[in-house]
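J.: Quick note, the sequences are listed as chains E and D, same order. Residues in the first sequence are numbered consecutively from 1, following the numbering used here. Residues in the second sequence are numbered consecutively from 1, following the numbering used here.
For the record, the hints were derived by calculation from the structure and aren't laboratory data. Glycine included, every Cβ here is placed at the ideal spot set by N, Cα and C. Be aware that a few hints might be false.
Output of the computed footprint for chain E on chain D, the stretches with three or more beta carbons under 8 Å from beta carbons of chain E [stated by the list, open to error]:
| no. | region |
| --- | --- |
| 1 | 132-144 |
| 2 | 147-157 |
| 3 | 187-199 |
| 4 | 244-256 |
Listed below, chain by chain, are the residues.
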Amino acid sequence: MDSMHPEQEYFAHLAAGRFMLQRSVSTGGYVFYPRVAEPGTGATDLEWVEASGRGVVYAATTVRQRPPTADYGVALIELDEGPRLISRVDGLPPADVEIGMRVRARIVHESEGPLLVFVPVEP
Amino acid sequence: MNGFTRGASAIVAATTHGLGEAPGFSAMDLAAAASVKALAAIDLKPRDVDAIFVALPDDPLSGLGLAEYLGARPKLTDNNRTGGSSFLAHVIHAALALEARECDVALIAYGSNQRSAAGKLITSLRPNPYEARYRLPRPVGSYALAAARYMHCYGVTRDALAEVAIAARRWAQLNPDAFMRDELTREGYFKARMVTDPLSVRDCCLVTDGAAAIVMTRADRSGDLASHPVYLLGGGTATEHRDIAQMPDLTVTAAVHSGARAFAQAGVRPADIDVAELYDAFTINTLLFLEDLGFCKKGEAADFVAQGRIAPGGALPVNTNGGGLSCTHPGMYGLFTIVEAVEQLTGRAGARQVAGARLALAHGNGGELSSQATLVLGTAATL
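Please take these sequences and the hints and turn them into a complete structure.
T.: Have a look at this one:
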């Protein structure tokens, strides 16, 4: 793994439709954002593994805009694997995104390229 | 125990400059103006300074730049940059250097022209490739996420945030140098434009210009320079992340650690503190820091601040200059917490003076609740 390029490889996987996390072979710890070593342990035996895509809304905010521009939401998602990441929850108004809500990952394609977002898991 | 001896160094001068609006000046002009003002107050010249600690908004080599500008030839410069907490860390490093006789006169300075030059926070931060496209406004959106999580976990409402904003404004009304001094009512607070939920413009610090400077020496010399030296009794710093997504628990800051070390070194408890200056970049900060520094338990800050208990006349005077919310916030506010603590401990705070203040706490925050730095300061009577 001495040739892993964290940022390049993460986005290459995302472009191919895969949401990948790093995991240390020796410690089993999951890492996001991608790095050259696991935080804390410094373990460099990181491999790419497909994320479960499942998680929960840890915190959320509605970013207010001047009308007529629509407000938008940003959420901090805690993945079932442990790491948290900044993303957004699609499929409902930002004010309805609640802390504790179960979500799953989806890759959407926007003009700037593929983007990881989350959608609510139907109860 | 931490490395410097309790009370071995002292702040012998502390000043602000150009608060509010200072058009036509660079950040360096303002930092230098504050510096010469602080030095002149104790009859020192820039050439007497042999250690410079500084962080400017736009200049990663500001230690070299301020030395050159002032015509000082310091043995030691320190650009340690942890956001708004930088200057409290500088005080600790200056104390260590003074006691080790690596320097004799330490100048700690800051200046910013962000209001006049940009009208918003001047930042040298790089965009985060994993986060930028979600357009979280930074830093306010990160603090909003922390506030949302905190309110969810502890059943706190915006009433507690309102108490913090109104208390800060009431202190500012007693401070002629404060930028916003008109009355802030509960009604006015709740009518304010939302920025990023649950934070409105009244939950956010000001965008002002401004500068500050302090001078430190060893305690044995401080009495020759200043009539009322303010002694450094304890200090601690702690860093745990940079971006909010990496913060271990959005409701608990590293002030738990910086504060515990500062109190242990000073040999005092939160209940002993007469006045607390807590970096209030956003209203949520004040609640988190009151808890994490031990003034109350986790989840109890809403009760602690209720009914004006941190406002003028309250049980614990907090942010007696009006804070970053209502006095000044040029981008990195930390040095102003120290200057206001010194104002209070030297009895120079005018209408906002806390009678008989002997022990003050100054607390700085940097980044997105990322870096925390705490100082315990005291008068000669506390040595």
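J.: All hints are to be evaluated individually against the structure, with a verdict given for each.
T.: So, going through the hints one by one against the coordinates:
no., hint, result
1, 132-144, "holds (count 7)"
2, 147-157, "holds (count 3)"
3, 187-199, "holds (count 6)"
4, 244-256, "holds (count 4)"
Every hint from the earlier list agrees with this structure, and none is contradicted.
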